[in-house]
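The whole structure should be built from the sequences, with the hints applied where relevant.
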Amino acid sequence: ETGVTQSPTHLIKTRGQQVTLRCSSQSGHNTVSWYQQALGQGPQFIFQYYREEENGRGNFPPRFSGLQFPNYSSELNVNALELDDSALYLCASSPGGQETQYFGPGTRLLVL
Amino acid sequence: GENVEQHPSTLSVQEGDSAVIKCTYSDSASNYFPWYKQELGKRPQLIIDIRSNVGEKKDQRIAVTLNKTAKHFSLHITETQPEDSAVYFCAATDNSGTYKYIFGTGTRLKVLA
Numbered sequence: 457e458t459g460v461t462q463s464p465t466h467l468i469k470t471r472g473q474q475v476t477l478r479c480s481s482q483s484g485h486n487t488v489s490w491y492q493q494a495l496g497q498g499p500q501f502i503f504q505y506y507r508e509e510e511n512g513r514g515n516f517p518p519r520f521s522g523l524q525f526p527n528y529s530s531e532l533n534v535n536a537l538e539l540d541d542s543a544l545y546l547c548a549s550s551p552g553g554q555e556t557q558y559f560g561p562g563t564r565l566l567v568l
Numbered sequence: 002g003e004n005v006e007q008h009p010s011t012l013s014v015q016e017g018d019s020a021v022i023k024c025t026y027s028d029s030a031s032n033y034f035p036w037y038k039q040e041l042g043k044r045p046q047l048i049i050d051i052r053s054n055v056g057e058k059k060d061q062r063i064a065v066t067l068n069k070t071a072k073h074f075s076l077h078i079t080e081t082q083p084e085d086s087a088v089y090f091c092a093a094t095d096n097s098g099t100y101k102y103i104f105g106t107g108t109r110l111k112v113l114a
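Heads up: the sequence lines are chains A and B, in that order.
In terms of this note's numbering, the first sequence opens at residue 457 and continues consecutively.
In terms of this note's numbering, the second sequence opens at residue 2 and continues consecutively.
In case anyone wonders, no lab produced these hints; they're calculated from the structure.
Some hints here could point you the wrong way.
What the hints assert, rightly or not - Within a straight-line C-alpha distance of at most 25 Å, the following computed SDA-like cross-link-like pairs (lysine to any residue) qualify: (1) B:59 to B:112; (2) B:43 to A:468; (3) B:23 to B:73; (4) B:23 to A:497; (5) B:111 to A:496; (6) B:43 to A:475; (7) B:69 to B:57; (8) A:469 to B:44; (9) B:72 to B:60; (10) B:43 to A:540; (11) B:23 to B:55; (12) B:43 to A:459; (13) B:69 to B:27; (14) B:43 to A:533; (15) B:43 to A:472; (16) B:72 to B:41; (17) B:72 to B:9; (18) B:111 to A:561; (19) B:43 to A:541; (20) B:72 to B:62; (21) B:43 to A:463; (22) B:43 to B:69; (23) B:43 to A:526; (24) B:59 to A:556; (25) B:69 to A:465; (26) B:43 to A:518; (27) B:43 to A:478; (28) B:43 to B:71; (29) B:59 to A:475; (30) B:43 to A:509; (31) B:72 to A:553.
Stated by the list, open to error - Chain A is nowhere near these chain B residues, computed Cβ spacing over 10 Å in every case: (32) 30; (33) 52; (34) 55; (35) 61; (36) 66.
The C-beta atom is built at its ideal place from N, Cα and C for all residues, glycine as well.
Here you go:
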């Protein structure tokens with residue numbers, strides 16, 4: 457069984473640019489959640505995808521958007537990057553209807 | 002809004018001693034409470050969880066207790082070892098269908114050999 461994977465591991469962007477982060481869910485999991493973890497803080501919920509539809513969103517602006525594909529992998533897109541977007545972005549997958557989420561290793565984004 | 006408070010922010014214990022981390026949640030609809038361990042540069046790993054219909058759960062040296070009335074839950078680690086050193090996060094969620102996690106701010110545990 458393959459765990460949750462994310463790519464890339466690290467990324468450096470400049471203010472105003474756009475970024476796409478990718479997540480492959482654990483085998484058999486149809487739900488993917490995305491979190492932003494600033495340095496020294498707990499992860500904050502961005503949104504969740506279930507069977508290719510957004511299924512809940514946290515307090516993040518519309519420039520944070522996502523997709524889920526038929527194979528349940530997912531993308532997080534961030535437009536018009538700001539310095540405060542620098543963080544570790546974690547995705548977590550879970551089987552539909554179950555609470556337990558399994559996290560990927562994260563993508564560390566630095567915005568200069 | 003929904004909130005989870007976690008204390009202490011740092012905790013140092015001698016090897017072999019016990020460690021206790023406490024969390025308080027605000028949403029009375031929360032009914033699932035996982036605990037994650039995050040080592041430096043690594044992914045959060047689930048170490049134990051508890052559902053609201055249970056008051057206590059134990060797995061070897063790790064236990065979690067839940068007081069629904071007071072909206073408190075705690076992580077207990079006994080016989081601590083140096084490899085227990087990490088940042089621990091509590092979280093709360095509900096069964097609204099989203100299962101979004103509200104995380105605490107984390108506790109950095111140092112086990113001194």
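For each hint given before, does the structure comply? Return the numbers of the non-compliant ones in rising order. Numbers 15, 16, 22, 23, 25, 26, 28, 29, 30 and 33 - these are the hints that the structure violates, sorted from lowest upward.
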